[in-house]
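Based on these hints, arrange chain B on the given structure of chain A.
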Amino acid sequence: MSALFEYDDDREIASAAKVRALEALLIKKGVLGSDSVDTVLRHFETVAGSFNGARIVARAWVDPAYKQRLLDDTPKAIAELNFPLGMDGAEGEHMKAVANTPETHNLIICTLCSCYPWPVLGLPPYWYKDPVFRSRGVREPRAVLKEFGVPIAPEREVKVWDSSAQIRWFVVPERPAGSEHLSEDELAELITPEAMMGVALVPSPKVA
Amino acid sequence: MFTKFEEYAANQMLGQPDSPPRASGKLYFSEEWQRTVFGMAMALSKEGHFEWEDFRQKLIQSIAAWERDACGGQTTWDYYDRYAMALMAVLEEYGVIEAGEVASLAAMS
Numbered sequence: 001m002s003a004l005f006e007y008d009d010d011r012e013i014a015s016a017a018k019v020r021a022l023e024a025l026l027i028k029k030g031v032l033g034s035d036s037v038d039t040v041l042r043h044f045e046t047v048a049g050s051f052n053g054a055r056i057v058a059r060a061w062v063d064p065a066y067k068q069r070l071l072d073d074t075p076k077a078i079a080e081l082n083f084p085l086g087m088d089g090a091e092g093e094h095m096k097a098v099a100n101t102p103e104t105h106n107l108i109i110c111t112l113c114s115c116y117p118w119p120v121l122g123l124p125p126y127w128y129k130d131p132v133f134r135s136r137g138v139r140e141p142r143a144v145l146k147e148f149g150v151p152i153a154p155e156r157e158v159k160v161w162d163s164s165a166q167i168r169w170f171v172v173p174e175r176p177a178g179s180e181h182l183s184e185d186e187l188a189e190l191i192t193p194e195a196m197m198g199v200a201l202v203p204s205p206k207v208a
Numbered sequence: 001m002f003t004k005f006e007e008y009a010a011n012q013m014l015g016q017p018d019s020p021p022r023a024s025g026k027l028y029f030s031e032e033w034q035r036t037v038f039g040m041a042m043a044l045s046k047e048g049h050f051e052w053e054d055f056r057q058k059l060i061q062s063i064a065a066w067e068r069d070a071c072g073g074q075t076t077w078d079y080y081d082r083y084a085m086a087l088m089a090v091l092e093e094y095g096v097i098e099a100g101e102v103a104s105l106a107a108m109s
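Residue numbers (this note's numbering), protein chains in the order written: chain A, 1 to 208; chain B, 1 to 109.
So here's chain A without its partners, still in its complex pose (with noise of 0.2 Å):
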């Protein structure tokens, strides 16, 4: 029974040597150039991503007169922060952020096709282009929720973003309860991309 999840050494040894040798032969025929693997996935990994929307979330968490320009106007107040080149593309124009706050729970969504604030997510997950999640996002979105993890008092209520190619939603959690003593820095690293879309909440710092 253990065979079946052994992992084949050799074969994994084999696709490393195999990318390795095609990675030279194209370096040497002129085709690639030495960093252009690295230019490509520096977008990925330091240009756009949920990093950045954890920066400005814990930004509007320690300073709520830039919480308020935030939510006033969304691009204007990313623009304060100065991300690197790149981030405050076609992409980021159209973003707007919603707060979650003690009577209202936000939760982001795209019945059309599969508009995200990717400067600020990063890469949607799996599911996000799932036609159930979409549909039931807008049908019943309590019951939703509540499959996430999240469930929301019935006093509560909840508020549906559908993203489109005009406006990119994303949400700004509420911050945790025993988060004071934390620098913004530290508070950036509790929040989640899925805290963002609305279907997680930002759990309590964990007790050192």
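Fair warning: there could be bad hints in the mix.
[Said to hold, decoys possible] For lysine to any residue, the following SDA-like pairs were computed, each having C-alpha atoms within a straight-line distance of at most 20 Å: (1) K4(B) / L182(A); (2) K29(A) / K4(B); (3) K129(A) / L27(B); (4) K29(A) / H49(B); (5) K28(A) / E92(B); (6) K26(B) / T46(A); (7) K67(A) / T46(A); (8) K46(B) / W77(B); (9) K4(B) / A99(A); (10) K67(A) / S179(A); (11) K29(A) / E47(B); (12) K67(A) / L182(A); (13) K159(A) / A99(A); (14) K26(B) / R175(A); (15) K159(A) / L201(A); (16) K29(A) / E98(B); (17) K4(B) / F51(A); (18) K4(B) / S164(A); (19) K96(A) / W161(A); (20) K26(B) / M13(B); (21) K46(B) / Q12(B); (22) K159(A) / Q68(A); (23) K4(B) / V62(A); (24) K4(B) / H94(A); (25) K159(A) / L182(A); (26) K28(A) / F50(B); (27) K129(A) / A143(A); (28) K46(B) / L201(A); (29) K4(B) / I167(A).
It should be emphasised that the hints constitute simulated quantities derived from the structure, not laboratory data.
Chain B alone, transformed into the frame defined by chain A:
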């Protein structure tokens, strides 16, 4: 809609049979060679060596071929294994490399 090739290219795959592994909003690589092969395909297409869609079709075919394999003889699933095969196939089709060139290099290394 997308102004960056990288975002356009990745977005074409999302929710499709060739959707890449990811976690917490990031691409997920368990080995360095996986990161290399992902970046190579994207960089080469960005520089015009092949159409991204042609590469994607090879990748989808490569994944489908793995799924058709009989359970007994099926190799362990590895997305980036299929990805590497698809990249070599599209590079051969576009005449960037010749058939067998990589295999002979890998055998020497």
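Status of the hints after comparison with the structure:
Under the criterion of a C-alpha separation no larger than 20 Å, the hint pairing K4(B) with L182(A) is inconsistent with the structure, at around 35 Å. Pair hint K29(A) plus K4(B) does not hold up; C-alpha atoms about 26 Å apart against a cutoff of 20 Å. Distance check on the hinted pair: K129(A) and L27(B) sit about 17 Å apart at the alpha-carbon level, within 20 Å; holds. In summary, the hint linking K29(A) to H49(B) is supported, as the alpha carbons are separated by about 13 Å, within the 20 Å threshold.
With a C-alpha separation of about 16 Å, the suggested pairing of K28(A) with E92(B) holds against the 20 Å cut-off. Restraint check: the Cα-Cα separation between K26(B) and T46(A) comes to about 10 Å, which is no more than 20 Å; the hinted pair holds. Using a Cα cut-off of 20 Å, the hinted pair K67(A) and T46(A) is violated, with the two alpha carbons roughly 24 Å apart. Distance restraint check for K46(B) and W77(B): the Cα-Cα separation of roughly 28 Å exceeds the 20 Å cut-off, and the hinted pair is therefore not satisfied.
Between K4(B) and A99(A), the direct Cα distance comes to roughly 29 Å. Violation of the 20 Å bound is thereby established for this hinted pair. Of the supplied pair hints, the one linking K67(A) and S179(A) holds, its CA atoms being roughly 17 Å apart against a limit of 20 Å. About 14 Å separates the Cα atoms of K29(A) and E47(B), which keeps this hinted pair within 20 Å; it holds. Taken as a hint, the K67(A) and L182(A) pair is honoured in the structure, with Cα atoms around 18 Å apart against an allowance of 20 Å.
Between K159(A) and A99(A), the direct Cα distance comes to roughly 11 Å. Compliance with the 20 Å bound is thereby established for this hinted pair. Proposed proximity of K26(B) and R175(A) is contradicted: the alpha carbons are some 23 Å apart, above 20 Å. Straight-line distance between C-alpha atoms of K159(A) and L201(A) comes to about 15 Å, which keeps the hinted pair within the 20 Å bound. Of the supplied pair hints, the one linking K29(A) and E98(B) holds, its CA atoms being roughly 12 Å apart against a limit of 20 Å.
Of the pairs offered as hints, the one joining K4(B) and F51(A) holds, with about 19 Å between alpha carbons and a cut-off of 20 Å not exceeded. With a CA separation close to 18 Å, the supplied pair K4(B) and S164(A) stays within the 20 Å bound. Proximity of K96(A) to W161(A) is assessed by CA-CA distance (about 10 Å); at most 20 Å being required, the pair is judged to hold. For the given pair, K26(B) sits about 14 Å from M13(B) by alpha-carbon distance, which is consistent with the 20 Å threshold.
The straight-line distance between the Cα atoms of K46(B) and Q12(B) is roughly 14 Å, inside the 20 Å bound, and the hint therefore holds. Using a Cα cut-off of 20 Å, the hinted pair K159(A) and Q68(A) holds, with the two alpha carbons roughly 19 Å apart. The suggested pairing of K4(B) with V62(A) is violated, with an alpha-carbon distance near 32 Å, which exceeds 20 Å. Straight-line distance between C-alpha atoms of K4(B) and H94(A) comes to about 16 Å, which keeps the hinted pair within the 20 Å bound.
With a CA separation close to 29 Å, the supplied pair K159(A) and L182(A) exceeds the 20 Å bound. Of the supplied pair hints, the one linking K28(A) and F50(B) holds, its CA atoms being roughly 18 Å apart against a limit of 20 Å. The straight-line distance between the Cα atoms of K129(A) and A143(A) is roughly 18 Å, inside the 20 Å bound, and the hint therefore holds. A C-alpha spacing of about 38 Å is found between K46(B) and L201(A), which places the hinted pair above 20 Å, so the restraint is violated.
A threshold of 20 Å between alpha carbons decides the hint, and for K4(B) with I167(A) the separation of about 18 Å falls inside it, so the pair holds.
Checked against the numbered hints above, the structure breaks hints 1, 2, 7, 8, 9, 14, 23, 25, 28 and satisfies the rest.
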